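Please arrange chains E and H on chain A, whose structure you already have, making use of the hints.
Chains as they are written, first to last, in this note's numbering: chain A, 1 to 624; chain E, 1 to 102; chain H, 1 to 476.
These aren't lab readings, by the way, just hints derived from the structure by calculation.
Check before you lean on any hint, since a few could be wrong.
With a straight-line Cα cutoff of 27 Å, these simulated DSSO-like cross-link-like pairs (lysine-lysine) come out [said to hold, decoys possible]:
hint : chain 1 : residue 1 : chain 2 : residue 2
1    : A       : Lys-380   : A       : Lys-555
2    : H       : Lys-145   : E       : Lys-101
3    : A       : Lys-597   : H       : Lys-353
4    : A       : Lys-375   : A       : Lys-560
5    : H       : Lys-346   : H       : Lys-96
6    : H       : Lys-353   : A       : Lys-171
Residues from chain A that face chain H, not an exhaustive set, calculated with beta carbons under 10 Å [as the list claims (entries may be wrong)]:
hint : residue
7    : Phe-182
8    : Ala-585
9    : Leu-603
Not close to chain A: a few residues of chain E, all C-beta gaps over 10 Å, as computed [to be verified]:
hint : residue
10   : Leu-8
11   : Ile-17
12   : Ile-29
13   : Val-53
14   : Ala-73
Here the structure is a predicted model, which is why all the values come from computation and not from measurement.
Cβ atoms here follow ideal geometry from the backbone N, Cα and C, with glycine treated the same way.
If you want the building blocks of each chain, they are given just below.
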Amino acid sequence: MNYVYFVPLFPLIGFLINGLLALARKSYSDGKHPLKSLVSWIGCTSVGLSFLASIAIFFELLALPAGERVVQKIAFPWILSGKFHIDVGFLLDPLSSVMILVVSGVGFFIHVYSTGYMAEDKGYARYFSYLNLFTFFMLMLVLSNNFLLLYVGWEGVGLCSYLLIGFWYEKKSAADAGKKAFIVNRIGDFGFALGVMLIFWTFGSLNFSHVFENAPHVLALGGGLVTAITLLLFLGAIGKSAQIPLYIWLPDAMEGPTPVSALIHAATMVTAGVYMVARCHALFLLAPVTMGVVAVIGAATAIYAASIGLVQNDIKRVLAYSTISQLGYMFLACGVGAFTAGIFHLMTHAFFKALLFLAAGSVMHALAGELNMQKMGGLKKYIPITFWCFLAGTLAISGIPLFSGFFSKDEILWKAFSSPHGHFLLWLIGVATAALTAFYMFRLFFMTFLGKSRMDPQVESHVHESPKSMTIPLMVLAVLSVIGGYSGIPHSLGGSNRFEGFLSSVFEHGHSETQAAAYHAVSTEYLLMIISIVVVVIGILVAHRFYIQNLNIPKRLAIKYKFPYRVLFNKYYVDELYAIANGIASVVKGLGVLIRKTQTGYLRNYALSLIFGAMLILVYYIFR
Amino acid sequence: MVGLNHYLVLSTILFCIGIFGVLTRRNAIGILMSIELMFNAVNINFVAFSKFVTPTDFVGQIFAIFVITIAAAEATVGLAIVLLIYRNFKGINVDNINIMKW
Amino acid sequence: MTYQLLLPQIFLFLWAILIFIIDFVRKEKKHNLAYVALLGIVITTVLVLTSQKGELFGGMFQADSFSAYFNLIFLLTGFLTIASSVEFTQRLPSNKGEYFGLILLSMVGMMFLASAGDLLTLYVSLELTTIPLFVLASYRKDEFKSTEAGLKYLILGGISSALLLFGISLIYGLTGTTFLTEVRTTLIVRFLSTGNVGPALVLGFIFMIAGFGFKLALVPFHMWVPDVYEGAPTPITAFLSVASKATGIAAFLRVFFHAFLIFQVDWVMLMAVLAALAMIIGNIIALLQTNIKRMLAYSSIAQIGYILLGVVAASSRGVSSVAFYTFVYLFANMGAFITAIAFSHKTGSDEIKDYAGLSRRSPALAAMMAVFMLSLVGIPPLAGFMGKYYLFSAAIEQRYIWLVVIAILTSVISLYYYLNVVRQMYFQTSTEESPILMGAALKTALLICVIGVLLLGIYPNIFLNFANQAAMVFHY
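Here chain A stands alone, though its shape is the one from the complex:
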């Protein structure tokens, strides 16, 4: 278990070395970093080593008896001040081991992919140092054994995300997108910080084990305090995981380099909110109101984002809305108490969404940066590897049986229906979202790879498959997207759901509760499964009809249903919400302009304010 220190340490070392290389000012003024290969080696190896350490930890944990799979490792005491004690400590349990595997594993392949994708960029060393730093903070986030260290990771990944979204700052839109992400996340983090403070106030400690063990004794079930704490924490999750109403930053975040979108804005950072809710399940289960809020916001976000994805033309934006929608699924799972299902989907989603983004990046690479699907088509023959990988990802996300997404998504839908926290309507929304997902993903797939080419002839002449450094990670992730679900085949399909068994020691409380109430017949489960398969197939067929057989249908529909189409195309016009946030900012600024007027520059006015201040204090004492 002592490898655990190395898991975050390697990326940190990678960051330090690459950071120093990036600071060597002269080096990349001529376009390329002279030590490029060194930078790539350090960047990839550090994360790769951390991945190996994670694997070792995973197997060691697996070797332990199920009940003892919780290990705490203290690196060093962080704050020692009387009874006030916080360690830089790591909590190893099935949940965190799954998370570090996903983060370092997917992270490693994305690092490798980046060596090809970013090869020509003049900020090469800077890019890898940010990416390493991000990996470090993300690993700290999922490994921490207390809220404060979690918060360190939480803010750290946000900072890296900001830096990486705005990586190509010469583009104004990129710099603006970075700023938007940071500001919107601030609202969530404000809630999160307050929640953490409230926990400290209540428990006098921030250690996970202390807080969660004492929670049932200190907090009343459904009490106001625990509801407030969990709602505040969930506000943080909403910001980080891009849920309604704070999701608006994520589509814009696509301004960053594509591997960044894959790593940060699909596979890892945005799932931090789900992880945090799952980690704090002991608190959330004490607050039924919050659970309801989590489930409803998750379901609403799932269908809402999916509906926007139906009509977008920018390949990365579609994937961004799809990510938001899938995150909604995960929260839906958490909200109905099916934390295992949520984490399971988090894992499979990390595989197939990273794959989809990287494949999209490969498409962009082939088409000299083109993002508009209207200007693609028929790419299959040019970039076959990308084509097949993309197909695997699309099948997985759509929930086609035998692909990973099927198992995890179906688990969530089943729990949404059967769990005591669940509801028929939640299931219905989930199924509808599944249909929409299948439709927009295959729309994307058909428009990009099949049909006639709509490319500019000039672009078409240069289309080429990406280098090996990019295609190999694609293939690995494609394999994972296909088989990733077999760790969690549900009992009803003859599997043993090893994933759930592995995580059950973490979610014992939530698990036993759902299990006890899950009296529904297996036949119901089969029926629901068949329904979801049917709607998915319908979704695919419709997409096929629209975008392969009869290309005029979408146009006719867009004209016929002009209003709904415009609404969806313009993303429900909600970007104006950000304008409200900006409005608040300008109100504050206006206030500042007013207050600033008191600072007249006249010495005698300053003297007056001194005396006036003393008078005010006098008045305070008189009327106290």
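Just chains E and H now, with coordinates in the frame of chain A:
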């Protein structure tokens, strides 16, 4: 018989005159003199308290001596700065000295 | 009596005089006296670290862990200030030596003040601190802004010390003593026998808070800060913003926690309101600033609001968090100012918009500035986060939830203007490509600040222990 209260009233009046001077004078030297008035009001306080509250102890009087000394030092520095101001701004009207604001 | 306790102060004072003498007698003014001054500070630091604890003159002078802690803050700030003044003084036409002598003298005042156990010591050392600063603020004699800063600082400083003195005289009249411990016992006896201590004490509070409020730059006594910070030579601004503030904190803690802690109901709520005001007003006006020195001035007003959270907690953890945060603030703020010094030496500008593209002109300098800014915001794992967290938890412990909510909310606002500097450096481009060159002294100073910011965030225990010991001086 002049008692403690008389001194205190005197010092308070003197202090207020000082404040009034600081707030109304435009001439930098005038402001410095008003500040001196405030210091002297404090000195009256100290000496009076020393005499009436702690007749056997001289802390208050010693304090007053220190205040006088330090006020002299401050006035020296003050006058030097006023001199600089006069050189730069060609005048010592404090209302004309506001390059920096907001 | 063991006058040994006074050794650090006496030594530094003599060293300052020595510098004046050298400057006066030497004919060749080639060599820079900065290094002599730095040597003096290093020796004094050793003396402080090895000095014993105890008291002198019947308690007028207290050498304890509290004074040692703050002495280290003053010495370190002085060191960084002088190190970053090397190039500044080389450009001065004359009086290069005096500059360092005056800084050292001011530091002597601060060190005495941290040890003050008596209102007379407190007052005299406070003046010894500020009078050299008046001179230093207007050191660029030919510059309009510098002299204006000097005048404003002098006159407002004079008024505030008159107010403070008036408060002291009332306390003296009420208790018949100027010793802080005796003040406390007299007040307790009076309170126990008569049931109240009368309006004179409250008047004393008012005047003393107004006096300290000036030093600490509390709203509404903060008006001088932006103008003086902008006009004074930048190294002096840095010195003012850290050392002079720390002096105010030390003095305030000495007086209010030694003598008036039992009457905390009478002033803690007032300080809470003043803290909220400082955080709100400082942060909001800072949003609008375009000059880095002015922006940092308003930011320092807001930072003092955060520091007051620990004062308001009025507990041992509160004081220890105040002491700890002062160190945190020292590194981040000095670092930011030193960056500004380096930048303006090269470009002659203090405008934030001129920082555009700095990440490409001087990546290392930009990265360090980003670290300082992020620390001031309180982004983990930097020192600012640890300090703020410690302050907030001290306030939470005493049930000041509303104040912490304001604090967190205003730090969200503060993000906007601190990040603006980062945004300029990293996300804006400029045509200027030439790097910012720095001398060895400046580089060393910057490096110390960066290491401090990182160390205090990642491994704060060393300093926390000192801060806890310092906090143990008071009886809660």
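Outcome of the hint check:
1. Distance check on the hinted pair: A:Lys-380 and A:Lys-555 sit about 24 Å apart at the alpha-carbon level, within 27 Å; holds.
2. About 11 Å separates the Cα atoms of H:Lys-145 and E:Lys-101, which keeps this hinted pair within 27 Å; it holds.
3. Taking the CA atoms of A:Lys-597 and H:Lys-353, the gap is near 23 Å; set against the 27 Å cutoff, the hint holds.
4. Between the alpha carbons of A:Lys-375 and A:Lys-560 the distance comes to roughly 24 Å, so the proposed pair stays at or under 27 Å and holds.
5. Our distance criterion of 27 Å between C-alpha atoms is met by H:Lys-346 and H:Lys-96, whose separation comes to about 20 Å.
6. Only pairs whose Cα atoms come within 27 Å are accepted, and H:Lys-353 paired with A:Lys-171 is accepted, the gap being roughly 18 Å.
7. The criterion of a C-beta within 10 Å of any C-beta in chain H is met by A:Phe-182, whose closest approach is roughly 7 Å, and the hint holds.
8. At a threshold of 10 Å, the smallest CB-CB gap from A:Ala-585 to chain H is about 7 Å, leaving the interface hint in force.
9. Restraint check, A:Leu-603 versus chain H: the minimum CB separation of about 6 Å is within 10 Å; hint holds.
10. With a closest Cβ-Cβ approach of about 17 Å to chain A, E:Leu-8 is found to remain outside the 10 Å limit, as its non-interface label requires.
11. Chain A leaves E:Ile-17 outside its interface by the beta-carbon criterion, the shortest separation being 13 Å against a cut-off of 10 Å.
12. With a least CB separation of 13 Å from chain A, E:Ile-29 remains clear of the 10 Å interface cut-off, as annotated.
13. Non-interface call for E:Val-53 relative to chain A: holds, since the shortest CB-CB distance, roughly 23 Å, exceeds 10 Å.
14. Its beta-carbon lying about 21 Å from the closest one in chain A, E:Ala-73 satisfies the requirement of being farther than 10 Å from that chain.
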